[in-house]
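Enquirer: Model the full assembly from the supplied sequences, consistent with the hints where possible.
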Amino acid sequence: MTHTLTVEQQDMRTSVRDFLADRSTTADVRRAMDLPDRFDPALWRALGTDLGLTGLAVPEEHGGLGLGHRELAVVLREMGAALLCAPYFSSSVLAVQALLAVGDAGARRDLLPGIADGSTIATVALPEQPAADWDLANVAMRAAPAGDGHRLTGTKLFVPDGQAATVLLVVARDGDDLALFAVEAAADGVTRTPLEVLDLTRPQSRVDLDGAAARRLGSGDATAALTRALRSSAIALAAEQVGAAERCVATSVAYAKQRVQFGRPIGSFQAVKHRIAEGHAAVEAAAAAVTHAAALADTHGDTDDDAGLPIAAHIAKASATDALSRVAADCVHVHGGFGFTWECDAQLYFKRAKSSAQLLGGAAHHRALLADHIGV
Amino acid sequence: MTIGVDEFTERARAFLDASAAPAPDRAARWGEGSDDVGLFDNSADRADSPAVLAARSWQATKFAAGYGWITGPRDLGGSALPIEHDVAFSRLEDRYAIPDPTILSVGLHMVRPTVARWAQPGVRESVGRGLASADVVGCQLFSEPEAGSDLAAIRTTARRDGDGWVVDGQKIWTSHGHLSDVGLLLARSDPAAPRHRNLTMFLVDMSSPGVDARPIRQATGAEGYSEVFFDGVRVPDSHRLGPVGEGWQVAVSTLMNERLSIGSGRSNRTVDLALLMELVRRHGDGSALTRDLAARAYVAQRLSERFAASCAQEVLDGGSPGPRFSLGKVLLVESLNRTAELVDHVLSGRAVADTTEWGTYAWHLVGLEIPAYSVGGGSDEIQRTIVAERVLGLPKA
Chain A
1 MTHTLTVEQQ DMRTSVRDFL ADRSTTADVR RAMDLPDRFD PALWRALGTD
51 LGLTGLAVPE EHGGLGLGHR ELAVVLREMG AALLCAPYFS SSVLAVQALL
101 AVGDAGARRD LLPGIADGST IATVALPEQP AADWDLANVA MRAAPAGDGH
151 RLTGTKLFVP DGQAATVLLV VARDGDDLAL FAVEAAADGV TRTPLEVLDL
201 TRPQSRVDLD GAAARRLGSG DATAALTRAL RSSAIALAAE QVGAAERCVA
251 TSVAYAKQRV QFGRPIGSFQ AVKHRIAEGH AAVEAAAAAV THAAALADTH
301 GDTDDDAGLP IAAHIAKASA TDALSRVAAD CVHVHGGFGF TWECDAQLYF
351 KRAKSSAQLL GGAAHHRALL ADHIGV
Chain B
1001 MTIGVDEFTE RARAFLDASA APAPDRAARW GEGSDDVGLF DNSADRADSP
1051 AVLAARSWQA TKFAAGYGWI TGPRDLGGSA LPIEHDVAFS RLEDRYAIPD
1101 PTILSVGLHM VRPTVARWAQ PGVRESVGRG LASADVVGCQ LFSEPEAGSD
1151 LAAIRTTARR DGDGWVVDGQ KIWTSHGHLS DVGLLLARSD PAAPRHRNLT
1201 MFLVDMSSPG VDARPIRQAT GAEGYSEVFF DGVRVPDSHR LGPVGEGWQV
1251 AVSTLMNERL SIGSGRSNRT VDLALLMELV RRHGDGSALT RDLAARAYVA
1301 QRLSERFAAS CAQEVLDGGS PGPRFSLGKV LLVESLNRTA ELVDHVLSGR
1351 AVADTTEWGT YAWHLVGLEI PAYSVGGGSD EIQRTIVAER VLGLPKA
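Protein chains in written order, with the numbering used here: chain A, 1 to 376; chain B, 1001 to 1397.
Warning: the hint list may mix true and false statements.
Unchecked claim - Between beta-carbon pairs, the in silico distance windows are:
#1 Ala1020(B) - Ala21(A): 50 to 58 Å
#2 Pro130(A) - Ala1020(B): 51 to 59 Å
#3 Asp135(A) - Val1352(B): 49 to 57 Å
#4 Ala144(A) - Leu1092(B): 56 to 64 Å
#5 Gln10(A) - Leu1092(B): 29 to 37 Å
#6 Gly175(A) - Trp1030(B): 56 to 64 Å
#7 Asp135(A) - Arg1046(B): 54 to 62 Å
#8 Thr1009(B) - Gln10(A): 27 to 35 Å
#9 Ala144(A) - Glu1357(B): 53 to 61 Å
#10 Gln258(A) - Leu1092(B): 45 to 53 Å
#11 His1283(B) - Gly189(A): 52 to 60 Å
#12 Ala1060(B) - Gln10(A): 44 to 52 Å
#13 Leu1092(B) - Asp135(A): 39 to 47 Å
As the list claims (entries may be wrong) - In silico negatives: residues of chain B with every beta carbon more than 10 Å from chain A:
#14 Ala1021
#15 Arg1117
#16 Met1277
#17 Tyr1298
#18 Glu1334
#19 Pro1371
Quick caveat, the hints were computed from the structure, so don't treat them as lab data. Beta carbons are placed, not taken as given, at the ideal position from N, Cα and C, and that holds for glycine.
Expert: Here it is as structure tokens:
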């Protein structure tokens, strides 16, 4: 919604949009899908050095732009629309939010400048068997004290951009505390294996740790801090979903105007136009929810003051997931037989919809968290 | 010099504190008072019903204090303030226990702005001011038995006769027609002119000879709508709104206001979400399914409200209520459906039979009243077509 953006935010949107129109066309996306780590390092450098986007949410004292969730939402929305292949969400959103939340000044100093300029690619390793989800309560991995630091052993799943990452932020237990640990991706005892994934625009890895050296970040139990980090990341991811969803609607509209059957454009048939209009309504509603949640996160994100932020964040992620799932499937459908060919870009968005729905927990997971907050 | 919104809000708060009690927290006071959760005020069914008199009296009080028509022109008793002030007042007013204003909503949010913009001098002042102070209750006479979604197909005629007009025909689905003083009437004034150029808008005195407003009994048992018959009803030309033959354009401006009013949630009661969630706590089984249905209903209502707020913001920023606002009603209906689904699940048998437990069977009204939203003010299908063609640019059939 244009009207809620400041002039600076609109300028940022325009520059990101122009950059992606030039560097992340669907042809570029398809090329990146075939690259070893599924992204183009030159594009990544440009995002960092030319646009400064990798440090968008990194405080200025650590070399970033020090901007907030509203700006993140603006940028992620464009990236979602373009289906950008890059470890942006993993490193510049998820890892940054985790580092900011756990409040370890030394770790911020050591890690954030590299993330800000793109030379460090960080990600978060959280889900484990058997639950295989993003619920912090299901983390069982235990850290073993070793000298000044810790050692980690066990397996993490669904680590986004696990191959591209140079630093893994691993969630594990330390005694009674849930804690965040930094592990060098290249360290001894770390084995990263790319998983076969549905969505080639967002790769995932299995990470096997076998006594890997780990640095604990922050002290005390980090459950509340990590909950905050997951929540703010969920808002950014929801913005990315909204961007992808808007592109799906626009693509459906364009095709329905141009494809002729029974002597008229299929978009003139109510069965088709109403399907698209309903999807558009769901996307607009999710967009309003994301805008609201991002604004709340900017004013209340660093605290545990309730202020409706958890509720707004879960509404944003649940509604963006549902909206994107719907319009991505509709987009395939509107394209008819062509829609489920490899050649048609609609399938790429459909797969992104599927993977985004699972990342940070599905819509039902977020509704369950919402139900906790409502107290039902 | 326009008063700033903060200072305005402070003054409004003082006025409301002095004139009304805080709204009761029904969820916290479960079992106390009325458990009516209907979306319409079904007790306002006669001109002398206490609910009608209370709504008119509250509007008159607001009008006298300068809050009855915050954005309205000064010569009609309005305060000529920006819509921002109006939105601020509405948000504030929601926190007070005030009479249900819904029986006035057509008159205030649709007839009043149309009169202000299109009525001729004299009528404009007397009726505009009367509507604003609730001395006059207004209704809208658009739909006909053979012209529902296809509004331009109306058959009610207005025939020139001397210095006035004679109206014959029938209108239907007129909210509160039988308790209104004036009606905004769209009639076919030129049988030969092309579609959309053959209509003229009038303001009809509902007590004129030949007007017969008969309440329609709805599925809920309430009588909130009427069918209105016109048999040789004389309307002076001074009561014509806008040029002859340009009634469609006037109607579109009215419908824009309707869209704004429905889309921004100002013309209707909403589901009391806190009360609904308390129902789930008290009568739900705590299962994952129940929690998910509750969360779905909660999300849907918040999305509808959030979208309405974004529309209000758009107007605050200087926009006009465009076709995008049609989405507001689509989202509202979706939200009501999720609420009905939840209450049916939680209440089981109590959804359809009254055990006399407070706050249970009362919810049956939501399900019965949904069609008033999915059909009224342009059906869901009409809204989707508007969105598809005028927002997304899909071709007409």
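Enquirer: Does each hint hold? Answer for all of them.
Expert: Hint by hint, here is what the structure shows:
1. A C-beta distance of roughly 55 Å is found between Ala1020(B) and Ala21(A), which places it inside the suggested range of 50 to 58 Å.
2. In this structure the supplied range 51 to 59 Å holds for Pro130(A) paired with Ala1020(B), their Cβ-Cβ distance being about 57 Å.
3. Taking the beta carbon of each, Asp135(A) and Val1352(B) are about 38 Å apart, not inside 49 to 57 Å as hinted.
4. Restraint check, Ala144(A) to Leu1092(B): a C-beta distance of roughly 59 Å satisfies the suggested window 56 to 64 Å.
5. In this structure the hint that Gln10(A) and Leu1092(B) lie 29 to 37 Å apart at CB holds, the actual value being about 31 Å.
6. For the hinted restraint 56 to 64 Å between Gly175(A) and Trp1030(B), the CB-CB distance of approximately 44 Å leaves it violated.
7. Take Asp135(A) and Arg1046(B): their Cβ atoms lie about 57 Å apart, and the range 54 to 62 Å holds.
8. Taking 27 to 35 Å as the suggested C-beta distance range, the pair Thr1009(B) and Gln10(A) conforms, at roughly 29 Å.
9. Hint check: Ala144(A) to Glu1357(B), Cβ distance near 57 Å, so the stated range 53 to 61 Å holds.
10. For Gln258(A) paired with Leu1092(B), a C-beta distance near 50 Å keeps the hint of 45 to 53 Å intact.
11. Range check, His1283(B) to Gly189(A): about 54 Å between beta-carbon atoms, so the 52 to 60 Å window is met.
12. Roughly 45 Å separates the CB atoms of Ala1060(B) and Gln10(A), a value that falls within the hinted 44 to 52 Å.
13. The hint said 39 to 47 Å for the Cβ distance between Leu1092(B) and Asp135(A), and at roughly 41 Å that hint holds.
14. The Cβ of Ala1021(B) lies farther than 10 Å from every Cβ of chain A, with a closest approach of about 26 Å, so its non-interface assignment holds.
15. Chain A leaves Arg1117(B) outside its interface by the beta-carbon criterion, the shortest separation being 25 Å against a cut-off of 10 Å.
16. Its beta-carbon lying about 5 Å from the closest one in chain A, Met1277(B) breaks the requirement of being farther than 10 Å from that chain.
17. Separation of Tyr1298(B) from chain A is inadequate, the least Cβ-Cβ distance of about 6 Å not exceeding the 10 Å criterion.
18. Distance check on Glu1334(B): its Cβ comes as close as 8 Å (rounded) to a Cβ of chain A, failing to clear the 10 Å threshold; non-interface status is violated.
19. The non-interface label for Pro1371(B) is consistent with chain A: the shortest C-beta to C-beta separation is roughly 18 Å, beyond 10 Å.
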